[in-house]
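Starting from the given sequences, assemble the full structure and let the hints guide the process.
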Amino acid sequence: MVSKKKSQEVKLEKAMDRLDEIARKMEGDDLELEESLKYYSEARSLYASCVSRLSEAEREIQILMADGTLETESATDDLPGDEQ
Amino acid sequence: MQAHLSVSDATALVKGCLEKELQPLWIEGEISNFVAHASGHFYFSIKDSGAQMRCVMFRGANRRLRIMPESGMSCALFGRIAVYERSGVYQLIAERLLPTGEGALQLAFDALKARLEDEGLFDPKRKQALPTRPRRIGLVTSHSGAAVRDMVKVLRRRWPRIQIILRPVLVQGDGAAADIASGISDIAAYGDIDLMIVGRGGGSIEDLWAFNEEIVVRSIFVCPIPIISAVGHEIDTTLSDFAADLRAPTPSAAAEIAVPDLADQLSLLRRNFDRCGQSIQRKISATKQRLNGISQGRALWSPLDRVRQESQRADELFQRCGRELTTRLARAKDRLRALDHQITALSPTAILGRGFALVFTDSGNLVRNAQDAATDSEIRVQLGAGVLRCRVEGHDQDLIKKHGEDPTVESR
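As given, the protein sequences belong to chains A and B, one line each in that order. For the first sequence, position 53 matches number 53 in this note's numbering, and the numbering has no gaps at all. So this note's numbering is basically just the index in the second sequence, starting at one, shifted up by 1000.
It should be emphasised that the hints constitute simulated quantities derived from the structure, not laboratory data. Watch out, some of these pointers could steer you wrong.
[To be verified] Once the Cα atoms are required to be at most 30 Å apart in a straight line, the calculated BS3-like pairs of lysine-lysine come out as: (1) K14/A x K1283/B; (2) K11/A x K1127/B; (3) K14/A x K25/A.
What follows is the structure, encoded as C-alpha cells:
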C-alpha cells in the first residue's frame, strides 16, 4: 500500500515533467508530422492521468504516537478552532 | 620549641580545614581569564568588584554545558572549594555553570550558535532541496496548538492529496527538547515521508527555547528528510531555523511553502498540454500547405497515375477472384447434390422401392445364389414394403439366365 502510493507519486512527478518535456520538444525540435502526432497522443494521455491523480483528496491524518502506535484522525474541514 | 611542619604537611592541614568544613556552594560572579585547555578542562577565574577566585571545570562537567563560557560572562557556578597543593592555591571545582543576569539566554544562544556553526551544522551546502510535489508530510508539533490546525488547513486547501503524519510532541517545558528530537527521528523512520515541518506557534523566548536546544538542532541536522522549521512568529529566530533546510516565518507559512497549489499545478498542466495542441495544429496546417504546393506541381502527376492504375488493377483482380470463387462454389454444390442422389440411389430401401427384393433363408442368411435355397425349404422375401414367406418349389436355370448374372445389387 505504502510503496504503491509512493510509486504513483513518482509517476505523477514523472508524468508532469514528461508533459513539459514533450511541450518543449514539439515547439522546439523540427519533428516529422508523424512524430508530432505520436507525441501529441502521449501528451493527451499524460494530461488526462495527471488531472485525475491531482483530483485525489486525502481525508485523514495519521497520528504517530511517541510509543510508535498509529492512530487515524479524520480531519476534513471541521477542525476545531477555525476562525474563518 | 614546636616542631617544624613541612610545606606539604601545612598545606594538607589547610586542605583538610577547607575541604571538610565547606559544603558545596553556589557562587555568582563574572568570568575572567577563561582558557579551554587542550585536555578538555576549563580554567578561569570568577570575580566581582572586591575579590576573585580561581576556578576549574573538568571535562566531565563541562561536556554537559549548553553554552560555551567566555570571559566577561556573568554566571552562577556550583561546586566545592578545593586546595591545589602544588601551587598552594585554593580553587572552585565547578560542576555546573548557569549564565545569569540580563541577556543570559541571548548569551547562551550566541554561544551555542557559534559552536554549532563552527561544526558546520548551519552550512548552506548541507541544505537539502524541498520536493516540488510532496505526497507525504510529517508534522512535528504540539497536537493541541493552533499551529497544527493552521498547517493542516493550509496543506489541505492547497494540495488535497497530501498525506499528513502528525507526531505530537511537547513544545515547551521539561522534556520538550528530547521529545521534539525523538519526534523528528520517529517521523524520519516512519517511511516514505517526503518532507517535514518542525515547529510551534508563537510564545515568549523561554517558551520557544526547546528549539534552541542542542539536541533538537542536531536531530534536525542529521535528519535525512528535508525539514522546514516554523517556530513562533516572523521575528523569532531559533537555532532550529539555522539547521533546518528552510526556515518559514510561521507554521502557516511553512505549510504554504511545503506544498504546491493545486490550481497552479492544474493550470500548468493545461498550459503544457495546450502548447502541444497548438504545436500539432501548426504542424498539420504547415504539412497541408506543403502537400497542396506539391500536388499542384507536375512532378506528382505521373506517380499519381501509376498509383491509380495499380489500384484499378487490384480492383479487377479482386473482382475476377470473386467470379472464379462463385463458379467454383456452384460447381462444388452441383457435385454435392449429385453425390447425394447417388448415395440415396444406392441405399437398399431405395432399391427395394424400385421393385427389387431381398431373399433370406429360413435361418436368416441372404440368398445370393439359387443353390443357397434348397427345394422345399422356407424362404423370406423382403419387398419394398412387407415380407413374404415362401416355399421353394424348385430351381429354374433358364429364369436365372433371363434375369441376368447377379440380381443382388447391394453386394457391389
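Hint by hint, here is what the structure shows:
Between K14/A and K1283/B the CA atoms are separated by roughly 26 Å; this keeps the pair inside 30 Å, and the hint holds. Distance restraint check for K11/A and K1127/B: the Cα-Cα separation of roughly 26 Å lies within the 30 Å cut-off, and the hinted pair is therefore satisfied. Straight-line distance between C-alpha atoms of K14/A and K25/A comes to about 16 Å, which keeps the hinted pair within the 30 Å bound.
Of the hints listed earlier, there is not a single one the structure fails to meet.
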